[in-house]
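Colleague: Sequence:
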Amino acid sequence: MRLPPLNVLLSASVLLGTSSACIVEAPGGASPAERRAATVAQVPPLAIRSGANLGGKVEVVGASVQPGRIPAGDQARVTVFFKVLQPLEEDYLVFVHLEDADGRMERMNVDHKPAGGMYPTTQWKVGETVKDEFVIALPPGASPRAINVWMGLWEPRNDARLPITNPEAVRNDGRGRLLLAQVPVGG
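In terms of mature numbering (1 follows the signal peptide of the UniProt record, and there is no 0), the sequence shown is residues -23 to -1, 1 to 164.
Hints are not guaranteed to be accurate.
To be verified - DEER-style ranges, computed between Cβ atoms:
1. Arg122 - Val17: 31 to 37 Å
2. Gln63 - Ala18: 32 to 38 Å
3. Asp68 - Val20: 32 to 38 Å
4. Ala78 - Val103: 19 to 25 Å
What the hints assert, rightly or not - Straight line, CA to CA, 27 Å or less: simulated DSS-like cross-link-like pairs of lysine-lysine:
5. Lys60 - Lys90
6. Lys90 - Lys108
7. Lys60 - Lys108
Simulated from the structure, these hints should not be mistaken for lab results.
For glycine and all other residues, C-beta sits at the position ideal for the given N, C-alpha and C.
Kindly generate the complete structure, drawing on both the sequences and the hints.
Modeller: In structure tokens:
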């Protein structure tokens, strides 16, 4: 049984005049169906291979970008696969920074909860592969030759990124950002 979110319960208690009641939110978690939707048994063929190790906890196996070229004013879907190596004690966000490959455009942030918010990192199981999807969009009129897609895992409460523990093996900026892809722009 799924309970309503805490804010709905609090609103109901105020409306019913029972605001002195103590309401404790039941422990949540991904349902078995949500967990199945957020994980894959086998990683499909990928356009982008990575192998970045984030804090010894997660490996970025790779990603795909569809379509592989973004026209100005359009968007692309990015799918990233994370292999869980060790339990994660914190709920990390996937941070995504989109930057013009030539440094002429303002950075865009596409930070988000992994797996559409269905499967927090504290629930990830060692050995499984978590699929995360997000959309990157290019503003109309933008004319960079390519967009760099930087990413990693970030814990906002402490403003801490999981460090890249194999920086010599992957493209990175030395500050915990993995260069996942450089996506060409144009029709």
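Colleague: Next step is simple, just say for each hint if it's right about the structure.
Modeller: Outcome of the hint check:
1. Arg122 - Val17: 31 to 37 Å: Holds - the Cβ-Cβ distance for Arg122 and Val17, about 33 Å, lies within 31 to 37 Å.
2. Gln63 - Ala18: 32 to 38 Å: Between Gln63 and Ala18, where Cβ atoms are some 20 Å apart, the hint is violated.
3. Asp68 - Val20: 32 to 38 Å: At roughly 24 Å between Cβ atoms, Val20 and Asp68 fall outside 32 to 38 Å, so the hint is violated.
4. Ala78 - Val103: 19 to 25 Å: violated, 36 Å
5. Lys60 - Lys90: Given pair Lys60, Lys90 holds - Cα atoms ~16 Å apart, limit 27 Å.
6. Lys90 - Lys108: Cα-Cα ~12 Å, so holds.
7. Lys60 - Lys108: With a Cα-Cα distance of about 9 Å, the restraint between Lys60 and Lys108 holds, given a limit of 27 Å.
Checked against the numbered hints given earlier, this structure breaks hints 2, 3 and 4; the rest are met.
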